[in-house]
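Enquirer: Listed below, chain by chain, are the residues.
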Amino acid sequence: MSTRLAPTITQDTAFFWEGLKTDQLLIQRCEGCGSLRHPPRPMCPQCKSLSWSAIEATGRGTVISYVIPRHPPMPFFDDGYIVALVELDEGVRLVTNLIDISAEDASMGLRVVVRFERFDNDLVLPLFAPENIR
Amino acid sequence: MSDRTLSRKAAIAGIGQTEFSKDSGRSELQLACEAVLAAITDAGLTPSDVDGLVTFTMDTSEEMEVARNVGMTEVSMFSRVHYGGGAAAGTVLQAAMAVATGVADAVVCYRAFNERSGNRFGNMTGRITTLPPWLSWYAPYGLMTPASWVALHAHRYMERYGVTNADFAPIAIVDRTNAATNPGAWFYERPITFEEHQQSRWIIEPVLRLLDCCQESDGGVAVLVTSTERARDLPNPPAVIAAASQGATFDSEMMTSYYRDDLTGLPEMGVVAKRVWSQSGLTPSDISTAFLYDHFTPFVLMQLEELGFCGRGEAKDWATVERLSLGGELPINTSGGLLGEAYIHGMNGITECVRQIRGTSCNQLANVEHALVTSGTGVPTSGLILSTL
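Residue numbers (this note's numbering), protein chains in the order written: chain E, 4 to 137; chain V, 27 to 415.
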């Protein structure tokens with residue numbers, strides 16, 4: 004196992020990080036109007052409802068942007084790691100890493116699927132791999 | 027124009043700064059005091075004439091520490107502006123509102139830091155033990171520097187409009203050319219070529235090369251704002267604040283606004299643009315020179331589009347070296363900008379535009395009437411239009 008910087012978990016975001024531990028990618032869903040939102044927050048900007056639940060995402064999505072940070076070197080990362088902005092099929096976006104793909108092969112519009120990767124300190128992160136190699 | 031307008035009620039009457047370096051050798055508080063006192067002196071006033079102070083939320087020098095060092099006797103207004111470099115013109119907005127409403131008579135805005143020799147924004151690892159909640163969505167994935175936050179946004183813009191890294195070179199070339207003739211610039215006498223830009227190493231591939239990224243600098247800058255009426259009688263020609271606005275929109279984050287439908291613009295700057303054009307009654311063709319916040323070159327192109335100098339997606343063809351250089355249609359960053367002069371969080375762009383209005387820039391343009399200043403992009407931001415009396 005390896006290490007990543009651990010997120011700070013708040014009352015508003017705990018369900019997301021807890022869900023990852025059981026291989027669930029959860030999206031916050033407004034109980035008032037049914038709209039989905041990420042990152043999690045307490046109030047629905049559409050209907051102002053404070054009541055929400057979580058749905059499990061299919062884990063499939065599309066790369067809508069990506070970068071390869073080259074400098075400065077980051078602790079816990081090998082050169083050539085890819086940071087991507089993925090739009091899930093449910094419509095919400097999250098920042099993640101692409102895995103099982105080389106930097107040269109990353110592309111806009113790439114179809115990806117979630118992989119739950121385990122790190123030290125009980126941390127699970129939702130990383131994404133190309134859909135066609137699963 | 028309504029009586030409620032801020033336009034032309036206040037002016038920048040004094041500017042002050044330290045030298046810009048990579049290692050100031052003194053405290054951030056000392057840099058702040060030096061810059062503040064220099065601005066007061068430049069305005070022909072004394073510290074006891076100053077009754078307001080505004081700085082950035084990020085600044086480490088407390089207003090009252092500055093006041094007691096400089097010897098201010100009675101302060102009626104102190105305020106801070108949030109969101110990093112987005113605060114720069116916002117400090118002047120706060121000062122202008124205070125002056126226009128009679129809350130204060132003379133307000134100094136300041137920003138001073140040792141951003142190169144002290145805490146560097148691009149190197150947070152080692153400094154951060156607990157992530158702030160917003161960064162918890164990014165840092166675990168190694169997205170931890172301002173360059174990387176900007177690049178993930180800018181790559182989407184590049185994809186949408188067929189922009190490549192080579193299209194950012196004109197911004198870097200113009201900045202460094204201007205810095206080359208500014209003795210106060212870090213890159214004085216060191217212009218760059220297109221080839222040098224293209225050969226500089228990747229910082230964030232395939233968006234930002236080294237020469238697309240601003241410097242890291244130590245230094246302090248301050249400006250003194252008073253009423254336009256009073257500024258007329260002070261020693262230096264006033265830079266009248268024709269317009270000032272902050273700007274933020276739905277779903278704005280601090281550099282990571284990735285959740286909006288359109289990642290191909292800078293909507294915060296769109297708000298600033300709308301407000302400063304309507305407040306001033308001016309249009310882009312009235313602008314003699316602009317300081318466009320240049321922490322990273324792609325966002326300079328996107329600003330040109332948000333501000334209405336060209337259409338959406340047109341900046342890559344519009345932003346030529348010829349057009350943006352001294353003597354061109356829209357000379358930008360005449361001091362060298364944050365890439366060429368120094369990175370003082372955008373405050374050095376305000377002082378350069380004041381010099382252009384006064385006629386005292388080392389790269390002075392002819393017939394300057396209106397200068398546009400923008401602040402940090404990709405964050406809730408701000409902007410100003412400064413005009414002659």
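Derived by calculation from the structure, the hints in this document are not laboratory data.
A virtual CB, placed ideally from N, CA and C, is assigned to each residue, including glycine.
Don't take every hint at face value.
Claimed, not checked - Restraint ranges, calculated between C-beta atoms of paired labels, are given here:
(1) S52(E) <-> T275(V): 19 to 27 Å
(2) N124(E) <-> D287(V): 56 to 64 Å
(3) L39(E) <-> N393(V): 51 to 59 Å
(4) D82(E) <-> P209(V): 34 to 42 Å
(5) Q14(E) <-> T275(V): 34 to 42 Å
(6) R52(V) <-> F122(E): 54 to 62 Å
(7) E355(V) <-> D123(E): 51 to 59 Å
(8) P232(V) <-> Q14(E): 33 to 41 Å
(9) R30(V) <-> N124(E): 53 to 61 Å
(10) S105(E) <-> S311(V): 46 to 54 Å
(11) G112(E) <-> A192(V): 54 to 62 Å
(12) P158(V) <-> F122(E): 42 to 50 Å
(13) P76(E) <-> P232(V): 14 to 22 Å
(14) G353(V) <-> P76(E): 39 to 47 Å
Said to hold, decoys possible - Here are some chain V residues the structure puts well away from chain E; computed CB gaps all over 10 Å:
(15) N149
(16) T156
(17) G168
(18) A177
(19) H181
(20) R182
(21) E185
(22) D193
(23) R227
(24) I230
(25) E231
(26) A274
(27) G296
(28) I313
(29) L391
Enquirer: Kindly confirm whether 51 to 59 Å is satisfied by the beta carbon distance between L39(E) and N393(V).
Expert: holds, 55 Å
Enquirer: Beyond 10 Å from every chain E Cβ: check whether that's true for D193(V).
Expert: holds, 17 Å
Enquirer: Confirm or reject: N149(V) is not an interface residue toward chain E, with every Cβ-Cβ distance exceeding 10 Å.
Expert: The claim breaks: N149(V) does not keep its Cβ more than 10 Å from every Cβ of chain E (closest is about 6 Å).
Enquirer: Go ahead and decide if the range 54 to 62 Å is satisfied by the Cβ distance of G112(E) to A192(V).
Expert: For A192(V) against G112(E), whose Cβ atoms are near 23 Å apart, the range 54 to 62 Å is violated.
Enquirer: Range hint 42 to 50 Å: satisfied by the CB atoms of P158(V) and F122(E)?
Expert: With a Cβ separation near 20 Å, P158(V) and F122(E) fall outside 42 to 50 Å, so the hint is violated.
Enquirer: Non-interface claim for I313(V): all C-beta distances to chain E beyond 10 Å?
Expert: I313(V) clear of chain E: closest Cβ-Cβ about 32 Å, beyond 10 Å.
Enquirer: Checking the smallest CB distance to chain E, is T156(V) really beyond 10 Å?
Expert: Its Cβ does come within 10 Å of chain E, the nearest being 6 Å, so this is violated.
Enquirer: Using Cβ atoms and 10 Å as the threshold, tell me whether R227(V) really stays out of contact range of chain E.
Expert: Violated, because the least Cβ-Cβ distance between R227(V) and chain E comes to about 7 Å, which does not exceed 10 Å.
Enquirer: Quick check: does the Cβ-Cβ distance between R30(V) and N124(E) fall within 53 to 61 Å?
Expert: Check passed, 55 Å falls within 53 to 61 Å.
Enquirer: Quick one: are P76(E) and P232(V) within 14 to 22 Å, going by C-beta?
Expert: Roughly 18 Å apart at Cβ, these two residues keep to the hinted range, so it holds.
Enquirer: Between G353(V) and P76(E), does the C-beta distance stay in 39 to 47 Å?
Expert: holds, 42 Å
Enquirer: Holds or violated: 46 to 54 Å for the Cβ distance of S105(E) and S311(V)?
Expert: Cβ of S105(E) to Cβ of S311(V): about 48 Å, so the range 46 to 54 Å holds.
Hint violations for this structure: numbers 2, 5, 6, 11, 12, 15, 16, 17, 18, 19, 20, 21, 23, 24 and 25, all remaining hints satisfied.
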